[in-house]
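**Q** Below are the chains, spelled out letter by letter.
Number of protein chains: 2
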Amino acid sequence: MTTADTAEPLLFTPSRLACLRRACAWLPILLGLCSPGAVWADEGMWTFNQFPSAKVQAAYGFAPGADWLQRLQRASVRIAGGCSASLVSPDGLVMTNHHCARLCIQNLSGLRGQDFNRDGFVARTRADEPRCPGMEMNQLVQIEDVTQAVQSATRDVAPERFDAVQKATMARIEKQCAQSEDWRCDVVTLFQGGQYQLYKYRRLQDIRLVFAPEDAIAFFGGDPDNFNFPRYDLDVTFLRIYAANGKAWQTPDYLPFAKTGVQDGELVFVSGNPGSTSRGLTLAQFADLRDHVLPQRLMRLSQDRGWISEYQQRGPEQLRHSNGDLFSVENTLKALTGRHDALADTAFWASLQRKEAALRAQVAAKPQWATAYGDVWDQVAALTERQQALRKHHDTLRDTYGSSLLSMARSIWRQAQEKTKPNDERLPEFSDARLPQLAQAVLSNAPIDLEFETAKLSYGLTRLRAELGADHALVKQLLGERSPQQVARQLVQGTRLHELQTDANGNPTGGLRKTLWEASAATLAASEDPLLRFVAAYDPQARAARKAFEEQVQGPLKKQQERLAQARFAVYGDSDYPDATFTLRLSYGRVQGWSEGGVSVPPFTDFAGAYRRHTGAEPFALPPTWLRQRQRVTMSTPFNLVSSNDIIGGNSGSPMVNRALEVVGLVFDGNIHSLGGDYGYEGARNRTVAVHSQALLEALDHIYPAAHIAAEIRSGWR
Amino acid sequence: MTTADTAEPLLFTPSRLACLRRACAWLPILLGLCSPGAVWADEGMWTFNQFPSAKVQAAYGFAPGADWLQRLQRASVRIAGGCSASLVSPDGLVMTNHHCARLCIQNLSGLRGQDFNRDGFVARTRADEPRCPGMEMNQLVQIEDVTQAVQSATRDVAPERFDAVQKATMARIEKQCAQSEDWRCDVVTLFQGGQYQLYKYRRLQDIRLVFAPEDAIAFFGGDPDNFNFPRYDLDVTFLRIYAANGKAWQTPDYLPFAKTGVQDGELVFVSGNPGSTSRGLTLAQFADLRDHVLPQRLMRLSQDRGWISEYQQRGPEQLRHSNGDLFSVENTLKALTGRHDALADTAFWASLQRKEAALRAQVAAKPQWATAYGDVWDQVAALTERQQALRKHHDTLRDTYGSSLLSMARSIWRQAQEKTKPNDERLPEFSDARLPQLAQAVLSNAPIDLEFETAKLSYGLTRLRAELGADHALVKQLLGERSPQQVARQLVQGTRLHELQTDANGNPTGGLRKTLWEASAATLAASEDPLLRFVAAYDPQARAARKAFEEQVQGPLKKQQERLAQARFAVYGDSDYPDATFTLRLSYGRVQGWSEGGVSVPPFTDFAGAYRRHTGAEPFALPPTWLRQRQRVTMSTPFNLVSSNDIIGGNSGSPMVNRALEVVGLVFDGNIHSLGGDYGYEGARNRTVAVHSQALLEALDHIYPAAHIAAEIRSGWR
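Line by line, the protein sequences are chains A and B. Position 415, counted from 1, in the first sequence is what my numbering calls 737; the numbers after and before it change by one each time, with no gaps. Position 449, counted from 1, in the second sequence is what my numbering calls 771; the numbers after and before it change by one each time, with no gaps.
Calculated from the structure, these hints are not laboratory results. Some hints could be false.
If chains are identical, the list can't say which one is meant, so a pair holds when it fits in one copy or spans any two.
In silico DSS-like pairs for lysine-lysine, Cα to Cα no more than 30 Å straight-line [said to hold, decoys possible]:
hint	residue 1	residue 2
1	836	581
2	880	869
3	714	656
4	522	836
5	798	714
6	656	798
7	869	743
All chains, please: the whole structure from these sequences, using the hints.
**A** Below, the structure is given as structure tokens:
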């Protein structure tokens, strides 16, 4: 949020401050490698239209040009569910992480009565590539600045109306942009309201599975190794985009694999969709995160981890159905623990205090700024307290406990009401520009496991009762004299929402869910489906809680954050990068190990290391394919690598490319020191973890019956 | 930790500061009841030998005298496992909470193949009173000041030797005091080292079950109502102490029930053993609690809550075996959440900052004090950081995951080594003064459920691997190529430590466990029992971690805390109460409701309210006895009540008495506002929750076939 123009010793300035000012301010004792010569120039999740090529030129002697940037932008695709990916052949072949395609693999397993997560999957021909239920990808084709339009609409609006007016403005802009269901348009809030930009995406909805390795090697080392390094994971899945004509989608914008790999110290770029960072918050907001938001989320995730682990003891079927959820819970748990640790670190906290104090001092020193922005921190602090008071109630009522059925029921219920309103008065997720994506999700033929749904609803309703209190009128209405377990069972056994017929391509053709999705509010109100009745009972209160939260907190806070962004622009100029927003960003860095407690961690691992780490017991058991093909494997082939790129959750599946725009890696993780990255980049030890491109080819060629896929990738070599 | 002598607006001064300074400083907006006339004089968990009778006289017009205090002290008994209790008949009848006797009830259920927790228990005659396996009570008979002896032994000792020298000194003093196995002596550290006192207890080891209601009414409202009010719980169990001659223990020091109950506003006393408070810590230590200790414990408890909840879905047997653990987890979870909330409250945090700043300012202002104590806060802060660095490793290696078998195995293993050393060089829990109690625990015939043991070890070993990392040599040694689940199964299936024969009174007569308890270290080292092998593998590292922690953190910290206590004595004098230490304390207060969000909460509930709250579904289902006897119950009988006494966990089971030393209530909980009591007392809303004495008689007389127990209680009426 700051530039290096100021002389203040700010921790998270991009690039030009020396180590002494940066990493050493954070972890002076542990690091012990702060030679004055070492400079980390690699901070930043930059937008493609404001990429600092000159800065990269200065640090690495290479400046990405407009064509280079555009080709990388178009070869990058976002997975709507929350991951990154890239095109790696002219025939629509897409590379992403196994953990990004886990739901697809799980769903296809359910549809075919097999376990492709456990056993892996290889399509021998295109005809063998099955469609992933409900999966969608988006390709960013255009960015347009709409700051003027958005800010002018809200300039004279009262705080409690701010959110509604801004959303309506955005909905109008998005609708105008997305002229058909083939496009998706989002107004993206950058710099916490300092800029608003319109992102236009091509929607790619026919995604099919080409190749997936076994879970045992995709997530080798499991939770113990997650966010650690050295690492030995083949965390990859290949998918293919199909066009409307049912044929593989043809595109000139793809990334070929590098022929010779990548060297230690080499410049590399990561193009992907970092989900969210919070580097521009105020101290009051950081304290709220440290003391309220994160502890509460960590407790909830820990409880989920506990019950799902134990649920898996019921049997192998239950394990298969719940493994994706457990993976997600453990992954988030580890990530949020790292974030909490960062805020709990007294030295890091002191750096946040210094950073805020420096900006406040500069604002206070200039009367014009003091008048315009001087009160913004106190305003944010007051709103943060208000937020604390309303959050629990709001969060509790918007939660669907991870239940697909409940989530669908609520979408069906609300859509019937929202679609009768003008576009710009709807809840944003029901705007014309977004409805197609929602329909795709609700009418997906992904299988639904009723036993796991019942368990999730049981724990969810128990939490609802705990959060609101047993005496709350809504709790009494929803539970009556029944226990959460009884209610969950009755809801899941009674509902028919799982009934959906689809054609061979997964397009919905009939069934109760489709009928209800198309029904009017009056028809739904008359329905006796217990899940719809359940939603009907609580939705008015849930909507009221949301409205109160948006009017009393969200809108006023957005207004203040816009002011804060303006204060930063005024003091530091606009040469910085915005906080992550799950939109396409480009980061640069180098292949580089780090020093851990005085011990050097090299940047590469190899196949020999994976075989050494094999114990035979979960999660350190290589799959049978790997044991069978051991003799065919070149043990010195590099396996995983680390680089200094500044990434965060959402970047999973991102391609790592060299200056020739060739794939050298597939990003799947960050190291443990990357976990504080939500609040700041610490170049000494924050590392991106990727599968080496040569590991992918080695595995396709020599371990799996997938040489044809390797050949397709090589066909793009120029 | 402070007195009212200072003019600073300190939050937690005892008594004399007006509301404006006290509650209003904490919760100015929410309360809205800060009339200048209201004064809360009720803070403090006072020791019996330093009770401020003059202060009570001033506030309530009644001064407890020496005889009064001594009788109450002797009528109060402590349950070794962590609760309070009292004698209520001359024939050794003891009253405590159901949740304090839960383990006894569960153990007896296991031995008899019944479920007394679910169904309740009534002994029709003394011959029907079964002995509680492993249960022990302690009666405090004498307190002696040993400050001089303890402090002089460590005065010139280096920080890293402080802990060992102090422990050796204490062990000597304790051994001298406890001349036979009938006595227990503890040197108690008061005021964080400001005073050391020797507490001598009579050990009462033959405890039998007399009466327990059903869990459904003992814990009516379950976790949702826990720490809340209005409340309707019959959280009582009557036990009986038996003397060595096998007859009921006779004592003149018992508390008769009040004949006419208690009135709103009436002065009441609570005598019991508050477990621990931390009101005397420094800001650095409070920050450590807020940012590290509490979040980590909350996450672990949340995970335990998750997996035990789900484990209970395996069936009714599993539910019965694990219910006690789940109760304990949920109870602790709620209590620690309340503590964390208190520290996360910005106004409360500001009050802690002011309190420390005030003391530091006074110390700094007087050169003599500045020299003697000026650096103590920085020293504590530095040690707190050191503690953070060592804590995880130490905690991980001392954990036995709630497994009885592992805990026993470790006690057996260590005892064989420790008993060959001189008394004052042993780990304190193996000193001569404490060994009898440990033997009682290890050789208890409490049943051990192997399935639940396996589950606890599985989750424990998974956590061990997560905490130390999969690459830790110890993890590799303990797990090898097996998963935590496999290891847990092998340990539990392979061990024979559960083999123990006892006589009809539960005294051990044979079996492998007894043999091993009496074996030499060499014999144990040759044993092939897998649990002993497991302990043997990790115990050297566990001991080393403990030694490092004691030398580098615990000892130096104790030394600094002694200095801090001296600084406080110097500045504020010695008229304050010490932090709680699970030793006998006396608190005074009045029966009093409070105001919640502007709504007045009356201090009493009645039986009619319990029947109104009955829904029929857990946890709001009254047991069948209550439904059957409904017509016999006088609905207006008071059920639960609240008072302003300053208590905390460990006070469960404490008698609440009037000035005539008659029982008017049985303390079983605090309200939600009591949960911050670890760090300070907030008189406006902090309330003790008790079962009304008339509720106990009403239930015994009219709901249960237990009129003979009511009659025994009434026989004490004078």
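**Q** Each hint should be assessed against the structure and marked as holding or not.
**A** Going through the hints against the structure:
no.: 1; hint: 836 x 581; verdict: neither (49 Å within a copy, 70 Å between copies)
no.: 2; hint: 880 x 869; verdict: within (15 Å within a copy, 53 Å between copies)
no.: 3; hint: 714 x 656; verdict: both (23 Å within a copy, 16 Å between copies)
no.: 4; hint: 522 x 836; verdict: within (28 Å within a copy, 76 Å between copies)
no.: 5; hint: 798 x 714; verdict: within (18 Å within a copy, 43 Å between copies)
no.: 6; hint: 656 x 798; verdict: between (36 Å within a copy, 22 Å between copies)
no.: 7; hint: 869 x 743; verdict: within (16 Å within a copy, 70 Å between copies)
Of the numbered hints listed earlier, the single one contradicted by the structure is hint 1.
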